[in-house]
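Asks: Chain residues, written in single-letter form:
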Amino acid sequence: MNLATKDIKHNLGRFSLTSAGIGLLLMIVMGMGGIYRGLVEDATLLVERIGADLWVVQKNTRGPFAEMSRIPRDLADRALVVPGVETSFGFISYTIQRSYKGKPLRLTLQGLDWAADSGLWLPIAAGRSLGQAHYEMVADITSRLQVADKLKLGKNFFTVKGLTKGMTSPSGDSMVFMTLTDAQAVQYDMSPESIRIERIARVNRLFNMDLGQIQPQLSERASGLSSGIPALGTSMISAVLVRVKPGYNIEGVAKQIEAWPDVSVYTEQGQKQLLLKGIVERSRRQLGLFRRLLIIVSAIIMALILYTLTLDKLHDIAMLKLIGARNSVILGLIMQQAILLGCIGFCIAYLLGQWIFPYFPRRVVLMRGDLYSLAIIVFVISILASLLGIWRAMRADPGEVLA
Amino acid sequence: MSLFKDNLVLQAAGLTKIYGSGHTEVLAVRDVSLSVSRGEIVALLGPSGAGKTTLLTLLGLIRPPNTGRISIDGTLVFDNHQAKVNVRRFRRQKFGFVFQKTNLIPFLTAAENVRLAMEIDDQPARATRQRAMELLEYLGVAERARNLPSMLSGGEQQRVAVARALANRPSLILADEPTGSLDGVRGRQVMELFAKVAHEQNAGVIVVTHDHRALDVFDRTLEMEDGQLRKSHN
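Chains C and P are the protein sequences, given in the same order. Be aware that the first sequence starts at 1, since it is given in our numbering, and climbs by one per residue. Be aware that the second sequence starts at 1, since it is given in our numbering, and climbs by one per residue.
Hints were generated in silico from the structure; no laboratory data involved. C-beta: ideal position from N, C-alpha, C; glycine also. Accuracy of the hints is not assured; some may be wrong.
Partial pick of chain P residues on the chain C-facing surface, computed with a CB cut under 10 Å [said to hold, decoys possible]:
1) 57
2) 109
3) 169
If we strip away everything but chain C, and leave its shape as in the complex, we get (with noise of 0.2 Å):
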């Protein structure tokens, strides 16, 4: 005869009730570790989906996703002659927000070097990838956004073709992926104003300078398009993809190219570090120690729930003890509930996390290794938080029956 299992059966709805409040504190201990998780993930997904083998963004900087990385765009042509490279893509990455159907829309963009790289390494969850050089993109679908729908930015419409699933940015925005010279427009865009009053301060300039007083028929071309005038540098773009040779050493190749005095090189795994030590250390850090501290409210809330029940039968104890039953039948009773109570409340998380989870604003990743340590925990925090209980218990007076 199981006496947990009968007590628990005839107060079933306070278990019930106690394994569900039980049940949501471990679900949110589990949320945290699942979002968690969802930030490594999102801080890592690009740089693995991508697969690039080097990052070349400016000297100096950790472009281009833990700081600003401005690099011409030529660089692209300039790191394909370097011995042992197989590919080099340009690559541009910023966070706009838009208003979209009157709600605030965060959209991270990613410029693809079309026609070399038209993103067909994008897990799409509906439409196509990138077909065209112009007006196309392929968005993420917490983006809200749909297949067919347009998006102004800059001075043009965008139409999503493609829907990802999964790709959002490190701080949780969702990604959006266009042509490199579309995500250049956008990100330069300028007003017809700020445009006018550029060309203005651009004949200004000249003429202040000998080169416009010696030829004053350059004020035409300097009031003209900024892209008529070569002696403007080339566009900027975040930093250059570079994938080498198979049979070539990585770190060789690196090498080389950091060698140019304008640029520094990360490797893959350089430029995940750069994200997980950079970026996400601090949430990491914090959602940790909520996670902890969380783990011991959890604690100490079960130990006083089963003080509580224990109290509750502190005279059927008694009455135990009286009638000669060991201490092992009375620390069974109140372990055994303890152990049922973090298992069922541990059940209630997981499932009620896989309805709830989804609908979090962060991604949140159950991995099974974390569910497993997770379930430890609760078995052993099940187990110390009967002590209390057990400790109550073991000092019941049997005399107290008769009192």
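Go by the hints and put chain P onto chain C.
Replies: What follows is chain P alone, placed relative to chain C:
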């Protein structure tokens, strides 16, 4: 060590119990000696505060005496305040307890309450089921075997409590005001039940009671006052 006659189930000598110390010291039981034979039913009478329940806790091995010796079934159990055996195991195997409040475990059925006493003594489940039903039948409450205590009347609960007390074929049954919550008729029925149990099961029975209407069922009555046994009537 056998100190007493073979038919004696209980022999207590010079029992004293003191609660508190210094100014708060209370002498609850002083120099009490008594013995009970197998098959004998003894009533323990006395006013409130006379020390009857305290004496019962000493005889039931629930609390140790400060001085005195207690032997059960010929085995010395307490020598002054020192236990000579595992008292909990001794309680499990040699004693049956019945109280004013039935103290049935509320989450167990009548049959399970009876089985519990046997299961904690590691008796096989099938045997406990059979014995529990036999006892409930013997006490006339077999049809309530599957009911929880809350679904039984006071008299039925008390019968189940007696069945639990008898489950392990005890040598000694201690009952503290077992009829306190019952009416006169049912109270007498319970007292007669104890007499029947004492005579048929060959167990010693000590019943603490205030109920003088059923004293004729007892083989012997002891009166207690100020922690001492004053009179004994056969």
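Asks: Next step is simple, just say for each hint if it's right about the structure.
Replies: Hint check results:
1. 57: Holds. Min distance 5 Å.
2. 109: holds (9 Å)
3. 169: violated (14 Å)
Consistency note: the structure conflicts with earlier hint 3 alone.
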